[in-house]
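A.B. asks: Knowing the structure of chain A, use the given hints to seat chain B on it.
Number of protein chains: 2
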Amino acid sequence: MSEILVVGSVAYDSITTPSGYAEFTLGGSANYFSVAASLYSHVNVVGVVGEDYKDEDLQLLKSRDVSLEGLQQVAGKTFHWEGRYEGDMNDAITLETQLNVFEKFNPVIPDSYKKSPYVFLANIDPELQAEVLDQMEEPKLVGLDTMNFWIDSKIDSLKAILARVDVLLINEGEARKLADTHNTIQAVARLGHMGPKAVVVKRGEYGFVLYTDEKFFILPAFPVRQVIDPTGAGDTFAGGFFGYLSKMNGSWSVDDLKRACIQGVLLASYTVEDFGLGRLRQLDWAKVEKRFEEYMQVISYPHL
Amino acid sequence: MSEILVVGSVAYDSITTPSGYAEFTLGGSANYFSVAASLYSHVNVVGVVGEDYKDEDLQLLKSRDVSLEGLQQVAGKTFHWEGRYEGDMNDAITLETQLNVFEKFNPVIPDSYKKSPYVFLANIDPELQAEVLDQMEEPKLVGLDTMNFWIDSKIDSLKAILARVDVLLINEGEARKLADTHNTIQAVARLGHMGPKAVVVKRGEYGFVLYTDEKFFILPAFPVRQVIDPTGAGDTFAGGFFGYLSKMNGSWSVDDLKRACIQGVLLASYTVEDFGLGRLRQLDWAKVEKRFEEYMQVISYPHL
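Protein chains in written order, with our numbering: chain A, 63 to 366; chain B, 63 to 366.
Isolated chain A, as found in the complex:
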């Protein structure tokens, strides 16, 4: 079984959406990614939690056979994000961010993780992303996500790490910002020339754009009639994407990248159907396969 390393946030989120309110619900990019990717391969988590982190929340990852050796538990409180979604829910409004133990996070990669061939650097400080990558031994596929905050505050570190990754997975708004253009197609092409072999732009309810080998591949999201909470959809997408590729034994084609994106779309469509990890933690292969069939109907087109 292949191994995927993920470094990212482990958090408690308080989220308000038009559907309701979830207080201190389990969240963080590393959690969404791990639960999604563990459907495909063994996941090694690197992150930090505080003393308040609940045993039942560790239990979730353990039940997915995720390795927690790299998940430090230190004095203080777990990272906390509070946000609100309104209207079409395409953008979160951050109400509060308490970094807590995340503020002094120093990612140390356990020896047992260092040979993980698949590495996903979720949205954290690009300098920490680089430190993680420095500790890895010959990774086969490295992916990276980032956000506006780092584009504004650490653009040089971000560009340096970008040149070292294979796949950039990024939100549409952040892709435009990083590439300094309002046109997503132009942005994707520019990002593709900053180092990554492939760029995947996550467009929320509009799906994704994959750019690789100077070509575009674009598909919509799975149509969800009631989006309860979009938090974590992007990290879930990344988990499905990496999970799928981790089964390719170290080599993959453009078609594999396309299939990986489709897995990302399917898994993310579950995440948005409930608050936090509510839906994703219940996901099994039978559900993914059923939704795959439905999605194929949605995007199937007749030839002329």
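In case anyone wonders, no lab produced these hints; they're calculated from the structure.
Hints are not guaranteed to be accurate.
Pairs involving identical chains hold if they fit within one copy or between any two copies, as the list cannot separate such chains.
Below, simulated DSS-like cross-link-like pairs (lysine-lysine); rule was C-alpha separation at most 25 Å, straight line [stated by the list, open to error]: (1) K124 to K176; (2) K277 to K349; (3) K320 to K352; (4) K277 to K352; (5) K166 to K221; (6) K177 to K216; (7) K277 to K320; (8) K177 to K259; (9) K259 to K139; (10) K309 to K277; (11) K221 to K202; (12) K221 to K239; (13) K309 to K259; (14) K176 to K166.
C.D. replies: Same frame as chain A, but now just chain B:
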């Protein structure tokens, strides 16, 4: 050759986008629709222009063999819209609307038009849309577009005409407003139960959603690296959509509706590449076919 009747605006637009400014450029839904649909079938236009309408602008439609018998020329000035696009250009900001001769527009359908089997009621007062439909003799396929203004001011008339049409083609924001929900998928399903056999939601750079027979069909737009001016893209889409269906000889399948949407996507992708009708008027079949091949690459996915 089949015949398509369109009633809509004929206008001079002044448009500002990040790419520049076009002053009193030819526009209006009936012009975009007619130029697009005339690639497929004979088009009969119903509309009104003022004394200031230039002969060369009439010449454009004449050169496409579009019938102008229903295009009234009356005392006064042609309808004028002034708008601006910013940022991602997904929404126009209206700076000024001068209805001029359009204010007292009374659409009279010439006898030679009355048997047109395909009827497109572009975005005008829903009461006028009803008057046009009343004058038609057994149309086979009736399509309708509308906008926020009519949803706010004439919702009852709009719902009455909706129950009489086959296809609703509408912008995403307006679909959500008309269906009173922020979720587009839910909106489309609700609109599908208001009368039309099919609903097509136009999502600008994100493509479209087709809903018919309780099923969703969703595809992205053609990736355009430099959008110069999105004005008229929706009406161009409608022209391609109706144009394609008008060649089906009065019966069509779900696959034909899908193909019609794809024609809409392709034609609209040209319209946005220049101000006004600049690109669309130069369009020929060779270009459409080339873009069709490119689009098929963009949306092609491997089976698992």
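A.B. asks: Does each hint hold? Answer for all of them.
C.D. replies: For each hint, the structure was consulted:
1. K124 to K176: within (20 Å within a copy, 71 Å between copies)
2. K277 to K349: between (31 Å within a copy, 19 Å between copies)
3. K320 to K352: both (19 Å within a copy, 23 Å between copies)
4. K277 to K352: between (29 Å within a copy, 16 Å between copies)
5. K166 to K221: Close inside one copy (23 Å), not across copies (59 Å); limit 25 Å.
6. K177 to K216: neither (28 Å within a copy, 66 Å between copies)
7. K277 to K320: For K277 and K320, the Cα distance is within 25 Å both inside one copy (12 Å) and across copies (24 Å).
8. K177 to K259: within (21 Å within a copy, 57 Å between copies)
9. K259 to K139: neither (38 Å within a copy, 56 Å between copies)
10. K309 to K277: within (24 Å within a copy, 33 Å between copies)
11. K221 to K202: within (20 Å within a copy, 58 Å between copies)
12. K221 to K239: Only inside one copy: K221 and K239 sit 13 Å apart there, 41 Å across copies, limit 25 Å.
13. K309 to K259: within (19 Å within a copy, 44 Å between copies)
14. K176 to K166: For K176 and K166, only the intra-copy Cα distance (22 Å) is at most 25 Å; the inter-copy one is 76 Å.
Comparing the model with each numbered hint stated earlier shows that hints 6 and 9 do not hold.
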